[in-house]
Each structure stands twice: as structure tokens, then as C-alpha cells.
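Heads up: the sequence lines are chains A and B, in that order.
Numbered continuously in the working numbering, the first sequence closes out at residue 417.
Numbered continuously in the working numbering, the second sequence closes out at residue 164.
Any given hint might turn out to be false.
[Unchecked claim] Restraint-style ranges between C-beta atoms, simulated for each label pair:
1. Ser16/A - Pro140/B: 15 to 23 Å
2. Gly89/A - Leu144/B: 51 to 59 Å
3. Gly89/A - Gly150/B: 26 to 34 Å
4. Gly21/A - Pro31/B: 54 to 62 Å
5. Lys3/B - Gln247/A: 52 to 60 Å
6. Lys313/A - Glu149/B: 57 to 65 Å
7. Pro68/A - Gly137/B: 43 to 51 Å
8. Glu149/B - Lys164/A: 33 to 41 Å
9. Glu157/B - Lys288/A: 22 to 30 Å
10. Lys52/A - Lys35/B: 30 to 38 Å
11. Pro68/A - Pro31/B: 20 to 28 Å
12. Lys163/B - Gly263/A: 49 to 57 Å
In case anyone wonders, no lab produced these hints; they're calculated from the structure.
The beta-carbon is built from N, C-alpha and C at its ideal position, and this holds for glycine as well.
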Amino acid sequence: MGKTISELILSAKSGSDVRAGDIVVAQVDLAFVQDTTGPLTVRQFRAAKFKKPAETLKAALFLDHAAPSQSREMSNDHILLREFAAQTGAFLSEVGDGVCHQIVAESFAKPGDLIVGTDSHTVTAGGLGAFACGMGSSDVAIALGLGRTWFRVPETFLIELKGKFSKGVNAKDLILYLIGKIGADGATYKALEFGGSGVANVTMPQRLTVSNMAVEAGAKVGIFPADEVTMRFLTEQGRADHYMPVQADDDAVYEKTITIKLGELEPMVAKPHTVDNVVPVKEVAGTKVQQVSIGTCTNGRLEDLKIAAKILKGQYRNLKTRLIIAPASRDILMAATEAGYIETFLEAGGVILPPGCGSCLGLHQGVLGDGESCFSTANRNFKGRMGSPEAFVYLGSPATAAATAIKGEITDPREFL
Amino acid sequence: MLKGKAFKFGDDISTDHIIPGKYAYLRSNLPELAKHVMEDADPLFASRVKPGDFIVGGNNFGLGSSREHAPLVIKMAGVKAILAKSVARIFFRNAINLGLPILICNTDDIANGDQLEIELEAGIIRNKTNGKVLTFGKIPDVMLKILDEGGLLPYIEKHGDIKL
Ligand code: SF4
């Protein structure tokens, strides 16, 4: 009986032959924290009397959620993390370098890796064929110290993709469609594994978007095979030597299979206040929004900015709608500048935020007021997520966001293509 | 035996309801942070909850962020257990790591304000207000071992490693 990608990776990392449902202790390749969950991790790490991260893993700290810091308290937390990095030799990503998940994808994650991070969107690295999952501060503190931790091997849903996206439809529409179909707890404790002949047509930035939101269906990981697309991406990042093919066995056993024809998808939106409250854009078209936010670890990559820039080129945002753009990393901001996208956004009346989480978590840089609505390319629309609990957050693709910014109301991007 | 009052919430109580991201700057000041527990689900919760009480949710309790501060502020409020129909994965692990039990049961039989008595070992919840007796699902073995030691840190302190 064959194995799913999750079973293969957890077998390799635990040195045993494991199946869904087994509990294993497995070696972790990368453990990382960010600035809002890292300080507690450091305190737990010290309370457990560890001195340094285990030498068998890579340890990394990211200053991205409050970057640059908006308060004295966060600045003090940044100091704590910088000091921990200096003391232990852990990698430190500074303010302005970008969102942890993007930098993990650009610089660290390898196919077949086992990755834990104190951020639920650690699943993003599944796009590269890594078993990557979010955990809390205590769990990651112990993983950092021991170099390993325990996992329950998840059952897997195979998401079989067929064909290609049609014009104006993208990875975000795919993952919103899937979450709408299975529900925000439809894959709790499960692995979502993407496969099928359509996978080859899904680019690495798109895979990262899809994996990123696997957790919004409750999944533990959202994992893609590592194939030629992966190899090309790693080569572009100067990491060709990090490539290793990762494929499920042909006779792997899945709990269920869901087939999605990419060509039949249309632009989708998650309405307030849950991510599974998904409808086609046309059902909410015309809803007025006061803010459009483009960016985050979900959709702040160059390909996303390119899609938005193409629609916004020569246009101006609606005068009643603010347009905020946060590239996911410094490299992306530089490439977007060179490609002229940043100029397009500025000419369209946009505000460019430093690479990082931006307005996503309601901490700063685009907090919503009472009664306001925002169209965001992020991954969460929970009540209070972007500031006021009286605000409304709609989630969708960069294309829909750009079209919405122009009209000031939720708009099907295909009108502009 | 645990005894206390039920604070009932609906489905999909996210970590943003429990402790919104906008208070991330208070995460190294736990007493201040704890004042905002459950704020976006019930702004009066923090002032009304008493040590020994329970939080009772519906489906998918604790979905969202990995912030361990969510179960932490609930624990700081004196809540002795969380009861729900289902719980999000990371939240479940975080709560157990902090020594806070999560009991999976049919919470439809519990209303806001009901008095509950819970026997953890026997797996029984008695609703003293409506007389119903509920059972809850078994906590997975590895989590039970961690819970029995009072959480992940005390567990590691005692065993020095993760022993399955
Ligand atoms: S961009 Fe948003 S979802 Fe992504 S890590 Fe930052 S706060 Fe979390």
C-alpha cells in the first residue's frame, strides 16, 4: 500500500514506516517564529532551560508583523528577538525584509522538509513540497530545543486539479472555492494534498497562495508535489541544489478525492466574517468598500502585483476608496519597482507599505474603522481581524482587488481584461 | 471535580475573537493582555467570568492564528476547561500544552449561565441547571500525558524529552 506525501515525509523524518493516524516523533529541519509569537517562544525556550537551538535544525526569527514597529511594546519585543538571535546564532530577518512565509519560501524551505513555525500560515511552504505546519509558542520552543517534536500523521484529502485557469481567475479563486465547498473545519487535522494533471499548470507563487490558505479549511498542511515547477523556482532563487522530487506513491491511500476543473472556476469572494462564506464575485458585485489591501503572505508576490498593476495601469482608484499595497518581501518590492508596477500603483493613487504583514492583522498600517468595509487579498476576514469588530472584510484575488479599487465597489476583474 | 458556570458562545469562535491581533503589542504584558479576553465575542466576559467557570463553544472553536496567547488569556481568566463540539488543531494543541483541558461534547445541551460539574477522569459533565448528563470524547493519549503533567513545559522538565 503506497503513501501520501505526508506519510512519506513523516516516515523519512521519524525513521520509521508510518501511516495516517500514527503518532511519531520526527526531526524538524526548520523552526521559526515571528515577532508577535516569538517573544513567548523565547520565554518558554528559556523556561525549559534550553540554551541554544538544536544543531540539527535551522532556527529563524522574523520581524514582520509590526514592521516597522508601531509601539514601544513591540519595539521591546523586537529587541528581545534580536538579542536571542545574537546569543544563539539563529537567523534574524529584519524589519522591511518581508513576511516570514515568503522569506521561508524564497530562502529556506526545501522539498521533503519538515517545518514548524509559530504562525498558522506556516503551511505556505507546502507549496514547495515541504510538510510545514503552524504550532504555538510552547510547541515550537520545544522543537527548537530538542530538534524534534511529535506529530500525528494526518489522513489526506487529495485535491485533484485538472486543466488551466481561465482569464481573470487565479489561485486565490481556487482555494476560496475549495474552502467554500468543504467548510472552515472541513479538513481539520487533515492534510490537503494537491495533485492531478493540472498541477503542472500552477506556478510556484500560485501554489504558495493555495497552500497558505489550507489552514483556513482547518488543515494541518497544504502540500504540493515537488516537480519541474519547483525545480525552476529553486533555480531562480539560486537554490537548485535544494531540489528533490517529492511525489505521492501511485497507490497512496486518500480519505477522499475532490476533483476541480481549473477552467470552470470563476472569481470568488469570501464574505464577512468567515473564510468559508464564499460566493462568486457576481453575487456581491456593487458592494462599496472604503479600502482595498493588496499584499500579505497570501497574495503579495510579484505575480500578484503584476496582475494588479496590469488592471490598474492608467487608472485611478475610486476617490472614496483607499488603495494599500504591501509587497511580501524586499526582493519582490525591488522586482516590482524595476518592472514599473510600483509606479503604476502610485499613479493609481495607491500607498506602498514596507514589505511585511501590513494591514493584515489589524495592528497598524490600515486599521479599519467602525462600519467600514475592506476588500483584501489576505487570508482571514474574522470579526475584528483588521481592527474594528464593526468592520467588514471581503477576501479575493489581486485581480478582483484591483478592479474593486478602480470602481470603489466589488467588481468582477474580467470587466477590465 | 470541577464546578462552575457556563459562558456559551456560538460556532467559529476565532483566535481574533479570543484575543484580537490589534493587541499584539501587549503580548509581553500578560496581565494587561488578559483584560481583553474574549473581547470581540462578548465585551463583558472579562468582567463577569469567575475562576472555575467554563467556556462553551460550538463547532471549530479556536480557529485561526497559532497565537498561544488565546488559550493563555482564557486560562488566566480562571477558566478550568473549554467545551466545544469541535476544536481547531493548533488551538487544541496549545490549550493542552498550557494544561487547559478541552472537552469535545455536544454543547447543544448547555445554555449560557448553566451550572456545570465535570468529572475529568470519569469523562462526565453534569448540567445541574437542566439535569442532563453529557459525556465527552477521549483526549488522545499523547495529549493526555502532557495534560497530566500540567502542560508541555512541566512534561519536558520531568521527562527531558518527548516520550510517546
Ligand atoms: S501577512 Fe497576515 S496572515 Fe500572513 S503572516 Fe502576516 S499577519 Fe499572518
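Evaluation of the provided hints:
1. Ser16/A - Pro140/B: 15 to 23 Å: Roughly 19 Å apart at Cβ, these two residues keep to the hinted range, so it holds.
2. Gly89/A - Leu144/B: 51 to 59 Å: violated (36 Å)
3. Gly89/A - Gly150/B: 26 to 34 Å: holds (32 Å)
4. Gly21/A - Pro31/B: 54 to 62 Å: violated (41 Å)
5. Lys3/B - Gln247/A: 52 to 60 Å: holds (54 Å)
6. Lys313/A - Glu149/B: 57 to 65 Å: holds (60 Å)
7. Pro68/A - Gly137/B: 43 to 51 Å: Given range 43 to 51 Å: holds, Cβ gap about 46 Å.
8. Glu149/B - Lys164/A: 33 to 41 Å: The hint (33 to 41 Å, Cβ to Cβ) is violated, given that Glu149/B and Lys164/A are roughly 52 Å apart.
9. Glu157/B - Lys288/A: 22 to 30 Å: violated (55 Å)
10. Lys52/A - Lys35/B: 30 to 38 Å: holds (35 Å)
11. Pro68/A - Pro31/B: 20 to 28 Å: holds (27 Å)
12. Lys163/B - Gly263/A: 49 to 57 Å: For Lys163/B and Gly263/A the Cβ distance comes to about 51 Å; the hint holds.
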